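S.K.: Take a look at the letters that make up each chain.
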Amino acid sequence: MLSSLLKEIRHNPLLWLLVFVPVVFAAETLAPDAPTLLFLLSILAIVPLAALLSHATESVAAKTGDAVGGLLNATLGNLTELVIALAALRAGQYVLVKASIAGAIVANTLFMLGASFLLGGLKHRVQEYSRVGARFQAALLFLATIALLIPSALAEKERASAAVMQTLSLGLAVLLIVTYGLGLLFSLKTHRELFGSAEHAEAGEAPWPLGLALGTLAGVTVLVALVSEIFVESVQEAAEAFGMSPAFVGFIVVALVGGAAEMASAFSGARKNRLDLSVGIALGSAAQIALFVAPVLVLLSYFMGPAPMALDFWPGAVSMMLIATLTATLVTNSGRSAWFVGILLLMVYLIFAMTLYVLPPQVS
Amino acid sequence: MLSSLLKEIRHNPLLWLLVFVPVVFAAETLAPDAPTLLFLLSILAIVPLAALLSHATESVAAKTGDAVGGLLNATLGNLTELVIALAALRAGQYVLVKASIAGAIVANTLFMLGASFLLGGLKHRVQEYSRVGARFQAALLFLATIALLIPSALAEKERASAAVMQTLSLGLAVLLIVTYGLGLLFSLKTHRELFGSAEHAEAGEAPWPLGLALGTLAGVTVLVALVSEIFVESVQEAAEAFGMSPAFVGFIVVALVGGAAEMASAFSGARKNRLDLSVGIALGSAAQIALFVAPVLVLLSYFMGPAPMALDFWPGAVSMMLIATLTATLVTNSGRSAWFVGILLLMVYLIFAMTLYVLPPQVS
Amino acid sequence: MLSSLLKEIRHNPLLWLLVFVPVVFAAETLAPDAPTLLFLLSILAIVPLAALLSHATESVAAKTGDAVGGLLNATLGNLTELVIALAALRAGQYVLVKASIAGAIVANTLFMLGASFLLGGLKHRVQEYSRVGARFQAALLFLATIALLIPSALAEKERASAAVMQTLSLGLAVLLIVTYGLGLLFSLKTHRELFGSAEHAEAGEAPWPLGLALGTLAGVTVLVALVSEIFVESVQEAAEAFGMSPAFVGFIVVALVGGAAEMASAFSGARKNRLDLSVGIALGSAAQIALFVAPVLVLLSYFMGPAPMALDFWPGAVSMMLIATLTATLVTNSGRSAWFVGILLLMVYLIFAMTLYVLPPQVS
Numbered sequence: 067m068l069s070s071l072l073k074e075i076r077h078n079p080l081l082w083l084l085v086f087v088p089v090v091f092a093a094e095t096l097a098p099d100a101p102t103l104l105f106l107l108s109i110l111a112i113v114p115l116a117a118l119l120s121h122a123t124e125s126v127a128a129k130t131g132d133a134v135g136g137l138l139n140a141t142l143g144n145l146t147e148l149v150i151a152l153a154a155l156r157a158g159q160y161v162l163v164k165a166s167i168a169g170a171i172v173a174n175t176l177f178m179l180g181a182s183f184l185l186g187g188l189k190h191r192v193q194e195y196s197r198v199g200a201r202f203q204a205a206l207l208f209l210a211t212i213a214l215l216i217p218s219a220l221a222e223k224e225r226a227s228a229a230v231m232q233t234l235s236l237g238l239a240v241l242l243i244v245t246y247g248l249g250l251l252f253s254l255k256t257h258r259e260l261f262g263s264a265e266h267a268e269a270g271e272a273p274w275p276l277g278l279a280l281g282t283l284a285g286v287t288v289l290v291a292l293v294s295e296i297f298v299e300s301v302q303e304a305a306e307a308f309g310m311s312p313a314f315v316g317f318i319v320v321a322l323v324g325g326a327a328e329m330a331s332a333f334s335g336a337r338k339n340r341l342d343l344s345v346g347i348a349l350g351s352a353a354q355i356a357l358f359v360a361p362v363l364v365l366l367s368y369f370m371g372p373a374p375m376a377l378d379f380w381p382g383a384v385s386m387m388l389i390a391t392l393t394a395t396l397v398t399n400s401g402r403s404a405w406f407v408g409i410l411l412l413m414v415y416l417i418f419a420m421t422l423y424v425l426p427p428q429v430s
Numbered sequence: 067m068l069s070s071l072l073k074e075i076r077h078n079p080l081l082w083l084l085v086f087v088p089v090v091f092a093a094e095t096l097a098p099d100a101p102t103l104l105f106l107l108s109i110l111a112i113v114p115l116a117a118l119l120s121h122a123t124e125s126v127a128a129k130t131g132d133a134v135g136g137l138l139n140a141t142l143g144n145l146t147e148l149v150i151a152l153a154a155l156r157a158g159q160y161v162l163v164k165a166s167i168a169g170a171i172v173a174n175t176l177f178m179l180g181a182s183f184l185l186g187g188l189k190h191r192v193q194e195y196s197r198v199g200a201r202f203q204a205a206l207l208f209l210a211t212i213a214l215l216i217p218s219a220l221a222e223k224e225r226a227s228a229a230v231m232q233t234l235s236l237g238l239a240v241l242l243i244v245t246y247g248l249g250l251l252f253s254l255k256t257h258r259e260l261f262g263s264a265e266h267a268e269a270g271e272a273p274w275p276l277g278l279a280l281g282t283l284a285g286v287t288v289l290v291a292l293v294s295e296i297f298v299e300s301v302q303e304a305a306e307a308f309g310m311s312p313a314f315v316g317f318i319v320v321a322l323v324g325g326a327a328e329m330a331s332a333f334s335g336a337r338k339n340r341l342d343l344s345v346g347i348a349l350g351s352a353a354q355i356a357l358f359v360a361p362v363l364v365l366l367s368y369f370m371g372p373a374p375m376a377l378d379f380w381p382g383a384v385s386m387m388l389i390a391t392l393t394a395t396l397v398t399n400s401g402r403s404a405w406f407v408g409i410l411l412l413m414v415y416l417i418f419a420m421t422l423y424v425l426p427p428q429v430s
Numbered sequence: 067m068l069s070s071l072l073k074e075i076r077h078n079p080l081l082w083l084l085v086f087v088p089v090v091f092a093a094e095t096l097a098p099d100a101p102t103l104l105f106l107l108s109i110l111a112i113v114p115l116a117a118l119l120s121h122a123t124e125s126v127a128a129k130t131g132d133a134v135g136g137l138l139n140a141t142l143g144n145l146t147e148l149v150i151a152l153a154a155l156r157a158g159q160y161v162l163v164k165a166s167i168a169g170a171i172v173a174n175t176l177f178m179l180g181a182s183f184l185l186g187g188l189k190h191r192v193q194e195y196s197r198v199g200a201r202f203q204a205a206l207l208f209l210a211t212i213a214l215l216i217p218s219a220l221a222e223k224e225r226a227s228a229a230v231m232q233t234l235s236l237g238l239a240v241l242l243i244v245t246y247g248l249g250l251l252f253s254l255k256t257h258r259e260l261f262g263s264a265e266h267a268e269a270g271e272a273p274w275p276l277g278l279a280l281g282t283l284a285g286v287t288v289l290v291a292l293v294s295e296i297f298v299e300s301v302q303e304a305a306e307a308f309g310m311s312p313a314f315v316g317f318i319v320v321a322l323v324g325g326a327a328e329m330a331s332a333f334s335g336a337r338k339n340r341l342d343l344s345v346g347i348a349l350g351s352a353a354q355i356a357l358f359v360a361p362v363l364v365l366l367s368y369f370m371g372p373a374p375m376a377l378d379f380w381p382g383a384v385s386m387m388l389i390a391t392l393t394a395t396l397v398t399n400s401g402r403s404a405w406f407v408g409i410l411l412l413m414v415y416l417i418f419a420m421t422l423y424v425l426p427p428q429v430s
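So the sequences go chain by chain: A, B and C.
Residue numbers for the first sequence follow our numbering, beginning at 67 and rising by one.
Residue numbers for the second sequence follow our numbering, beginning at 67 and rising by one.
Residue numbers for the third sequence follow our numbering, beginning at 67 and rising by one.
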């Protein structure tokens with residue numbers, strides 16, 4: 067098992083960062099009062115764990131056959147985001163949780179897509195990808211995001227009470243999870259061929275044996291959970307030291323850290339001129355956050371959080387999510403890309419980040 | 067004439083509901099103090115009348131030749147919605163009127179389109195329809211809705227006075243009706259071949275003789291008007307009994323009841339794998355509400371209502387209409403559908419309904 | 067040089083208006099207290115100067131070769147708008163400046179595009195144009211406008227302080243100009259063939275000799291600047307006389323006057339069934355306003371204005387710009403047009419104008 071891991075590390079330079087996993091635990095014992103250090107170390111430790119988690123999930127999926135494997139891939143694809151958000155949920159840091167949901171959708175549709183277009187476009191002059199597939203997935207993502215945002219958008223205009231928002235959020239969570247279940251039936255069973263998930267595993271990376279994969283999956287999830295706890299504990303003070311609001315940390319930092327593994331896959335696909343893969347990962351992962359991660363967190367808040375969590379995003383987050391998914395829908399519509407399209411997407415992401423940094427939202 | 071009607075009833079099982087027309091009049095005389103009963107009976111009576119109205123209009127259109135027939139179809143296609151709204155207008159129930167306009171646009175673009183995709187998709191694996199036609203109609207619908215919503219959207223942000231909104235609404239109504247007139251010139255005269263309205267009449271349903279059709283048109287319109295009056299009188303108390311706000315009744319109940327006949331046509335088209343027909347009915351009917359029904363109601367409010375009615379929708383309705391038409395535009399863009407696309411559209415509609423039920427808008 | 071000019075005038079009837087240039091200067095000396103007269107005369111004088119400026123820029127571009135010429139065309143294409151806005155900036159009329167930026171984007175995407183579709187459609191039944199090119203340019207325009215609007219949209223919801231908006235505007239201006247520079251690299255160097263700028267010069271109009279062109283460019287720019295000063299001085303009182311707010315003047319009048327020369331080119335292209343040209347001018351010019359003119363004005367306000375100018379548009383302008391670019395994106399998506407599409411775009415523009423006239427924004 068160790069030799070497989072070592073071979074894997076040679077393949078994927080990101081995994082050298084695994085050395086920070088023991089370092090962050092050591093630091094927590096030795097310097098519990100250095101939140102900035104713990105914050106940085108925990109970020110460095112989560113990135114390689116996310117990459118391991120991603121590879122383990124794909125290995126199990128490859129071994130268990132199409133239906134179960136697809137289910138696993140679809141459910142565990144955003145496991146890192148989920149585990150980090152659960153740690154924040156347990157600590158009652160709801161602003162951080164909501165910001166990380168909103169940030170993950172925006173990061174997937176603007177940063178992941180933009181950087182894929184840029185990296186691919188620097189190597190290939192004009193890249194073409196399947197318009198039919200991209201439009202279909204973009205329509206699903208758009209509808210998923212709309213469904214997630216309706217209550218927030220309307221509540222903002224009608225000034226809903228907290229109790230009403232809680233009722234709405236619970237109803238919404240149930241509807242979203244039902245939709246997600248039907249979506250799995252659709253993408254794994256009735257219309258499997260529309261989604262090229264079989265291509266997900268890269269040619270160069272052989273899947274691990276089942277035992278190793280399952281063991282890694284379980285062990286690494288525990289490690290991510292432990293590191294996330296350190297991360298969440300240190301984030302508030304560290305953010306203040308860097309002049310960042312909790313919303314900024316959740317929206318930008320957690321979203322980029324949690325999605326690092328998928329981004330690595332998407333960027334590698336773009337360099338190999340397989341933009342279908344990159345677009346599929348970016349849009350699919352964003353839709354999964356909206357339809358699965360967000361409602362699961364609402365439901366779990368009843369059991370794990372100090373109080374039920376409502377799905378009311380602050381107004382700026384609603385605008386940013388709507389703009390981001392609308393942009394992704396319109397941009398992927400042409401089925402062609404070049405480096406400047408990537409620059410423009412990244413620029414919109416940068417302007418979001420700048421605005422959020424300078425103008426922290428007034429949320430409690 | 068009666069035998070034709072009886073033959074028709076055997077064809078269309080919806081028409082058995084015609085028995086509720088005498089029942090609702092009897093109930094109004096016998097139990098004028100049972101608003102919930104009258105509300106339910108009047109809904110059951112309007113649905114078959116709408117179906118008759120729709121078939122009579124098509125029969126007259128088929129007999130009078132293309133130009134006049136097209137004009138009739140285009141003008142009387144939403145006659146049921148118009149007659150119900152007029153009854154509410156006369157009673158001064160402006161929230162109900164505006165909610166039924168907004169609800170009709172949303173029901174056409176989300177519910178009718180979504181249920182067509184779902185019903186068609188359960189029978190046919192992937193359905194393709196003319197992208198060119200759908201995009202063209204979607205662009206018209208989008209522009210029509212935008213035109214209808216600009217004053218509401220801006221007034222909300224600028225906090226306009228009632229007098230200013232009234233001036234704006236009158237100007238807007240004139241502009242919309244001019245646009246509608248030019249649109250008729252376009253779709254019936256100069257570019258007729260872009261709109262497949264000749265296909266509207268189903269193969270199985272032979273058109274009625276002209277006399278029967280005209281007589282039915284006149285007689286049934288009077289019946290709808292009479293039943294609508296009972297409906298509008300009973301709706302407020304009945305809605306309270308069901309815990310529904312007037313906005314919810316107008317947005318969901320009136321819109322679905324008024325559009326029942328067109329929905330039957332759209333669904334039947336989808337089952338027969340003629341999605342072009344379904345998409346055309348859904349988008350065309352929504353555009354007609356925005357360009358014709360809404361401004362006509364504003365103009366008539368000067369003569370028939372207790373006071374002039376402004377076209378200021380409440381903020382939530384503006385958001386819902388914009389989201390619904392944008393969604394329809396993006397979803398029909400791909401020219402393909404499968405059952406899950408229908409599920410997603412219906413889910414967005416369901417979330418709209420849930421939000422509106424839990425969070426009634428603060429309108430007077 | 068004079069004979070070339072006279073020959074040009076015979077070609078382009080707009081240039082007869084050049085007679086108003088000396089007239090406006092005479093009027094300023096003789097009747098300095100007649101703002102309404104000066105306002106009208108200065109508009110009549112700017113239109114032919116803008117046409118000359120446009121032809122001179124193209125002539126210099128044609129002589130200097132592709133790279134430098136493209137750069138000139140791209141930078142000086144909106145020179146008239148820039149010079150008028152600078153005059154307003156120097157006078158501290160920031161509402162007028164911002165309204166003219168917003169108005170130029172809306173006028174290009176709704177009025178210029180709509181009138182091109184209408185004028186072309188009245189001559190040609192259905193016009194087709196390159197979907198690929200239009201979609202690409204529309205995506206660039208959409209992203210550029212989004213980037214310009216994010217801070218305004220978020221600040222509105224979060225009620226940002228003036229100091230924060232100033233910081234945001236400065237950062238935004240720098241990011242937009244960097245994006246614009248990369249966009250030039252893209253459209254002039256790495257992906258030149260995607261943009262048919264070489265076709266811009268019309269067949270019938272021979273380019274001027276370099277000396278004449280450079281001289282005209284310099285001389286006419288000075289004239290535009292001088293006339294703009296009279297325009298800006300007289301606008302406030304004249305607007306009051308016509309019952310127009312400064313926002314209306316900037317949004318409608320300045321935008322149409324400043325864009326007159328480009329509109330003439332776009333309309334002429336549409337009549338010749340070269341809609342690719344018209345769509346390219348309309349979308350490209352709007353993107354240039356967002357990425358170049360707007361940030362340059364912010365930066366210059368630090369040196370030329372009485373106080374730094376922030377890029378905070380009033381809420382109505384944000385909505386109108388978003389709707390306009392979204393509409394342009396969706397409408398050009400089909401790659402086909404007919405006269406009624408033009409009518410609808412013009413109608414949306416007219417409703418914008420009507421709303422702005424009746425409901426002036428509450429800005430300082």
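You may find that some hints are simply not true.
Copies of one chain are not kept apart here, so a pair can be met inside one copy or by any two copies together.
[To be verified] Straight-line Cα separation of at most 27 Å, DSS-like style, residue types lysine-lysine; simulated pairs:
{"#": "1", "residue 1": "LYS129", "residue 2": "LYS189"}
{"#": "2", "residue 1": "LYS255", "residue 2": "LYS73"}
{"#": "3", "residue 1": "LYS255", "residue 2": "LYS338"}
{"#": "4", "residue 1": "LYS255", "residue 2": "LYS189"}
{"#": "5", "residue 1": "LYS338", "residue 2": "LYS129"}
By construction, these hints were calculated from the structure, which means they are not laboratory data.
This one's a predicted model, so the numbers in the text were calculated from it and none came from an experiment.
S.K.: So, for every hint listed, does it hold in this structure?
M.R.: Each hint, compared with the structure:
Proximity of LYS129 and LYS189 under a CA criterion of 27 Å is satisfied in neither setting, with 34 Å inside one chain copy and 33 Å between copies. When the C-alpha separation of LYS255 and LYS73 is checked against a cutoff of 27 Å, the pair qualifies neither within a copy, at 35 Å, nor between copies, at 43 Å. Proximity of LYS255 to LYS338 under the C-alpha cut-off of 27 Å is restricted to the inter-copy arrangement: shortest distance 24 Å between copies versus 29 Å within a copy. Taking identical chains as interchangeable, the C-alpha atoms of LYS255 and LYS189 lie at most 27 Å apart only when they sit on different chains, with a minimum of 16 Å there against 37 Å within one chain.
Proximity of LYS338 to LYS129 under the C-alpha cut-off of 27 Å is restricted to the intra-copy arrangement: shortest distance 25 Å within a copy versus 41 Å between copies.
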